[in-house]
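Enquirer: Protein chains in written order, with numbering that gives the first Met the number 0: chain A, 0 to 274; chain B, 0 to 274; chain C, 0 to 335; chain D, 0 to 335.
Simulated crosslink set (EDC-like; lysine to aspartate or glutamate; CA at most 16 Å straight-line):
#1 B:Lys271 to B:Glu111
#2 C:Lys147 to C:Asp298
#3 A:Lys18 to A:Glu35
#4 B:Lys271 to C:Glu146
#5 C:Lys147 to C:Glu182
#6 B:Lys256 to B:Glu37
#7 A:Lys245 to D:Glu83
#8 C:Lys238 to C:Glu226
#9 D:Lys307 to D:Asp261
#10 C:Lys282 to C:Asp79
#11 B:Lys245 to C:Glu83
#12 A:Lys81 to C:Glu241
#13 D:Lys187 to D:Glu146
#14 D:Lys335 to D:Glu146
#15 B:Lys81 to D:Glu241
Distance ranges between label pairs, derived from CB positions:
#16 D:Leu325 to B:Lys271: 16 to 24 Å
#17 A:Lys32 to D:Lys335: 57 to 65 Å
#18 B:His254 to C:Asn75: 15 to 23 Å
#19 A:Asp95 to C:Leu233: 24 to 32 Å
Sample of chain B residues at the chain D side, in silico, Cβ under 8 Å:
#20 Asp143
#21 Met159
#22 Met169
#23 Lys171
FYI, nobody ran anything at the bench for these hints, they're computed from the structure. All C-beta atoms, glycine included, are put in the ideal place defined by N, C-alpha and C.
Now for the letters of each chain:
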Amino acid sequence: MRDSKKEHYASFDDVDTKKIVTCPSCSSSIHRKRLEDELYVCPECGYHFKLTPAERIAQIADQNTFEEFAADLTSRNPIALKGYEAKVSQNQRDSDLKDAVVVGTCTIDGQETVMGIMSFQFMGGSMGSVVGEKITQALLQGADTNTPVILFTASGGARMQEGIFSLMQMAKTASAAALLEATATPLFIVLTHPTTGGVTASFAMLGDVIIAEPRALIGFAGPRVIEGTIGQQLPKDFQTAEFQQKRGFVDAIVHRKELRRTLSFLLSAHAKRGR
Amino acid sequence: MRDSKKEHYASFDDVDTKKIVTCPSCSSSIHRKRLEDELYVCPECGYHFKLTPAERIAQIADQNTFEEFAADLTSRNPIALKGYEAKVSQNQRDSDLKDAVVVGTCTIDGQETVMGIMSFQFMGGSMGSVVGEKITQALLQGADTNTPVILFTASGGARMQEGIFSLMQMAKTASAAALLEATATPLFIVLTHPTTGGVTASFAMLGDVIIAEPRALIGFAGPRVIEGTIGQQLPKDFQTAEFQQKRGFVDAIVHRKELRRTLSFLLSAHAKRGR
Amino acid sequence: MNEQDKNPQKDQIDKLFGELEQLAQQQQMDLGSDLSTLKAKMVPVLKNRETTACSPWDKVCLARHVQRPGSLEYINMMCDDFMELHGDRCYGDDTALIGGIGTIDGRAITFIGNQKGSNLKENIARNHGMGHPEGYRKALRLVQQAEKFNRPVVSFIDTSGAYPGLASEERGIGEAIARNLKEFSVLKVPVLCFIIGEGGSGGALGIGVGDKLYMLENAVYSVISPEGFASILLRDSSKAEEAANTMKITAEDLKEFGIIHDIIPEPVGGAHKDPQLVASHIKKIITRDLDILCSKPADRLVRYRIKKIRGIGHFNGAQSWWDQLLNIFQLTRALK
Amino acid sequence: MNEQDKNPQKDQIDKLFGELEQLAQQQQMDLGSDLSTLKAKMVPVLKNRETTACSPWDKVCLARHVQRPGSLEYINMMCDDFMELHGDRCYGDDTALIGGIGTIDGRAITFIGNQKGSNLKENIARNHGMGHPEGYRKALRLVQQAEKFNRPVVSFIDTSGAYPGLASEERGIGEAIARNLKEFSVLKVPVLCFIIGEGGSGGALGIGVGDKLYMLENAVYSVISPEGFASILLRDSSKAEEAANTMKITAEDLKEFGIIHDIIPEPVGGAHKDPQLVASHIKKIITRDLDILCSKPADRLVRYRIKKIRGIGHFNGAQSWWDQLLNIFQLTRALK
Ligand SMILES: [Zn+2]
Ligand SMILES: [Zn+2]
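Work out the full structure: start from the sequences and follow the hints.
Expert: As structure tokens, this is what we get:
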């Protein structure tokens, strides 16, 4: 529901095209290779760069275990909005993705999991019918096979170009989370920079354990909306991961270098066993 | 857990002994008969006088339907505290009660209910083993027979003269409330002036619907404790029924004249019927 | 239609009948009832005409009309008796989102609803119907109480959205809405939702997941306000009217999409012209639906509700998924 | 015993062995291990002596000792791995009450505990271990999460009480504690409680309802602090020592009352003298108890827990109630 487009071009960390990358947080110049070794965390200031789903999978999943499903789903234009198809096509070409989320199965330290990774690169990670459907399929696959689900969020909110259908994806994904819960299968959420709007107000806040990457922006209404509409002065750390932890909505802030280990621990701690 | 004794003698509304009663809130002089007609609400300022269990029953229950149970329970001296037996005896003589709560069954507009009424007159309504047991019996009787339970609270807190046993009554009554809940039988709480300490931190806050009488003092730690220990300035309406409603802990503030009608409505709205 | 209830046809008819009545009185003819019968006969005609004539933006204006009846008004008109219940048992009581227990023909129902004020002062007190997290948590508490006692739920939606402010974010408006979406979707009692005015975004959806969803004729339901849509996608916040006409937010659009079950007609000029009439329409639907839904076993109710929600979305490459859903329900003891 | 760990016997023995060791070193004799073996043999003797010698007030002082190990220390000493989890998902994260998931010999356990600081600065950050409502609500969230995943719970109690302040009252500390008492009593997984220091009133009980309750040898558990008891019942707050000796708050008293299951011995001078040793005692009990309790069906677990709680109280005129309780359990689908 926020102007994801502006934010996209202002801060998207386009690490794939240049040899030398400038950190959007501290402006340090970093060699691409160095950054890759550091898991795309700025060695100077600790800024966590945005990742593509492929990079995230490479960092988290056991090698060559990720099997994508629902890969062929693509957007329609449910409210017949002028220009929407073209915009989707453009984003598909730019990002090499079909839409703003990739879902599949993999193992982490040999432990089965269903994994979904949103991409802010694709229309600001906005949730339309395709994202809603794929997240829902991931959650229901978890419920059906009793396999823990891990979702990495990154989103500017609902994809308003799909009108009321984008709003309904909030209910759809949340109700899928309810079914996962009813089967007592764990849902682990990793909030990455930025996660806002309709994604925050649906499955992103429904994890049994909610992890955030350091300094990630997490909120419902964006700072500009709040300052604009209401004219309120906002605290400096407003809507950071640290703010959200202090406010009780994030279980743990985990550095990217610890993330795989942490998820592996959570999977093992939630493994089925005789009590 | 609070110094109920001081409060007792400072403000207990001893309406039974004098022809002319002075309102503790506005100092108006009121004829006893007038006050009775007004259900012991000051006609000048609306102050709700403390009631004896007998008065409360007369106001709420259908005439002659109240049947007391567990009437014979009386205190022992579990930590062998010097002077406790004498104090209990004195309170029994003064109040014409066996301990700080009366429990029984009755009907309200013909609807069966289990009812418990605490008395602040008896050792400041403090909860020891007898109060805990009687409240527990009321809740379990409700659970066993699927009869709604209505509890009128008035208490300075745990009866510290019974040491750890008084603390344990909090767990005991709360666990009985859990069983009532497990049988999907409603619990209605009426918070009356004052309700504090261990009673607030147990069954008093566990009603499906929580009603308070206007301006009743309701809280956990007393204002004096907070100002004394922590040195904090407290707002004017601190721990009033109105404060608690604003804070989200009271469903409705109901004037004593509307109380019987309200409880009757709640009983009928919760009556078992084919959905 | 800048003045919100300006309506040339209606005005003209009013004027004509006014003059006729005056004439009749002057001549001491007792034609009052004849005249009103005649006038009433013209209303359906007018209504149909107006419905088709009313643009989406007109409906936005009507949905926001300051005199438009709100949740409490409808509740009080429909119920034999109603007791408002307050608080989320955690932080506070939100007056922008009300709830309680009411009876209709003796049947107890838990009501929840967004609540605006009917004048500026009330509107400020009720934060213009924009709920904070504690409002959504109160709603959740009340519907779970309803579930405990096997009591159906009726929800009235009427908000431009959840409150976008610091306090709202601090106390987790995102979490509060998310939790409601999840819990409402598996609630074991019937939930009927009525969009009576503005259905704005997550703040509306947060109490809008149920078995049946109805919209009043002039209500709107959208993922973002026309103003927001205009400012972001049309890059000009003054193009709200254009946005409204593009966004597909009217009851007719949503019925066509299969998102709502039915449209409830309003009197000429909008619901505020005859609140009692609208209340009686809503009441009839409530009674009819609950007679049916309350007799269904809880697991079937939930299965049907979930199936409906799960099916919403437009994309290429759908898969069959109904078997999987059935599987999960068979596995799931918690929903029985 | 004004200086909290002054202990003439222990001091003398320490001194003697210190001199012996120095002598041995001077003469380059390798007697280190012999000496420590000998010293260790004297510990149980000393312990028994001291236990009987230690007054209730001495124990209050030991229980409050600033160096006394706290919840996180024990958790970190016992667990293969531990992940702290934060927040109540509603208002905030209370650092005075911690929780998370840890593994002991590969078994996953949800831990919760009051948490004081180990120095003044930490103590201020942790509000001296006095929890706010959000702390108790975090604990509830974590134990309900444990229940969902069939994970046992271990609770460490170490607080002088819930925080008596404005913010605490505003956010409903009474409600938060009450809800925990209720929910913990019917939790369908084993709950083991350890009072490791101060067990102060509702703030302790709020995470203290479980299947088994243990106390460290020098821990205390009371309905009100000795200072509070003195000021109210003895009308002189300086009579805390007299109060402590009257109130029956030691592990021995509570074991005699049947309120706790067992006493866990501490090293001479208190738990802080050898935290690792105490941790190993606790760990052994956890492993032993969970091996037994985790194999029991949930309904039997809850029935036994409720029966225990229901039976606590001293009064004249008891009635038999066990049949009624059984009845209720048979009626109650929710607990199965
Ligand atoms: Zn940097
Ligand atoms: Zn008065």
